[in-house]
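*Asks:* So you can see what is in the structure, the chains are spelled out below.
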Amino acid sequence: AQSVTQLDSQVPVFEEAPVELRCNYSSSVSVYLFWYVQYPNQGLQLLLKYLSGSTLVKGINGFEAEFNKSQTSFHLRKPSVHISDTAEYFCAVSSASGGSYIPTFGRGTSLIVHP
Amino acid sequence: EPEVTQTPSHQVTQMGQEVILRCVPISNHLYFYWYRQILGQKVEFLVSFYNNEISEKSEIFDDQFSVERPDGSNFTLKIRSTKLEDSAMYFCASSASGTRARDGEQFFGPGTRLTVL
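As you go down the protein sequences, you meet chains H and G in turn.
Quick note: to get our numbering, add 10 to the position in the first sequence (first position is 1).
Quick note: to get our numbering, add 5 to the position in the second sequence (first position is 1).
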């Protein structure tokens, strides 16, 4: 079984400050990791994903995440946030368990960017 | 840019009533999914659908739930007799390739908020 923990339900930050949204996972098999963003009144949009290769993954809107196998983490970072980054962010993990890659989601972290 | 759409955005119903949530997946996609998110909790997988049949379902997807592709564009989730605990946000998603392809990216709709009174 796999699981995802997003420890921070809400992260307030000032505009142009750096931000890190934390994600830890547990799985007994190889994993694939994702970050989704949900803007108000919109669906989940894929920000970035780690499937294999380089552990530093770059995504859209200036976000990046680093896969750390020893710490079972996949934290999302952005060096300078904008007001428009205010949204809900979901970490998800999928694995080859049983041949299906259905993702397991975390509870989400609400990023609130203040002017 | 093609997108997944869902209607209605908000549905209020009485306990015991049937509800149908509607989704229009991206037109060339073949795989369809429903997820739900109870307020403050995780997004949970309900069911996946391909070639007019269910390919995978979770423990949540019991006999009260059913899915259908009634025509070439719509994908519906029916809850036969709603319970208070069915109150949640329901997300539809579609993908070009299925869940057995590790990078089969799923595209999500904006969700339908179901409130059962």
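Each hint should be verified, as a subset may be incorrect.
[Claimed, not checked] With a straight-line cut-off of 30 Å between C-alpha atoms, the simulated DSSO-like cross-links for lysine-lysine are:
id, chain 1, residue 1, chain 2, residue 2
1, G, 88, H, 59
2, G, 88, H, 79
3, G, 62, G, 47
4, G, 47, H, 68
No lab work stands behind these hints: they were computed from the structure.
*Asks:* Next step is simple, just say for each hint if it's right about the structure.
*Replies:* These are the hints, each one checked on the structure:
1. G:88 / H:59: 36 Å, violated
2. G:88 / H:79: 41 Å, violated
3. G:62 / G:47: Between residue 62 of chain G and residue 47 of chain G the Cα gap is close to 17 Å, so the pair holds against 30 Å.
4. G:47 / H:68: Distance ~25 Å between residue 47 of chain G and residue 68 of chain H Cα, so the pair holds.
The structure shown violates the earlier hints numbered 1 and 2.
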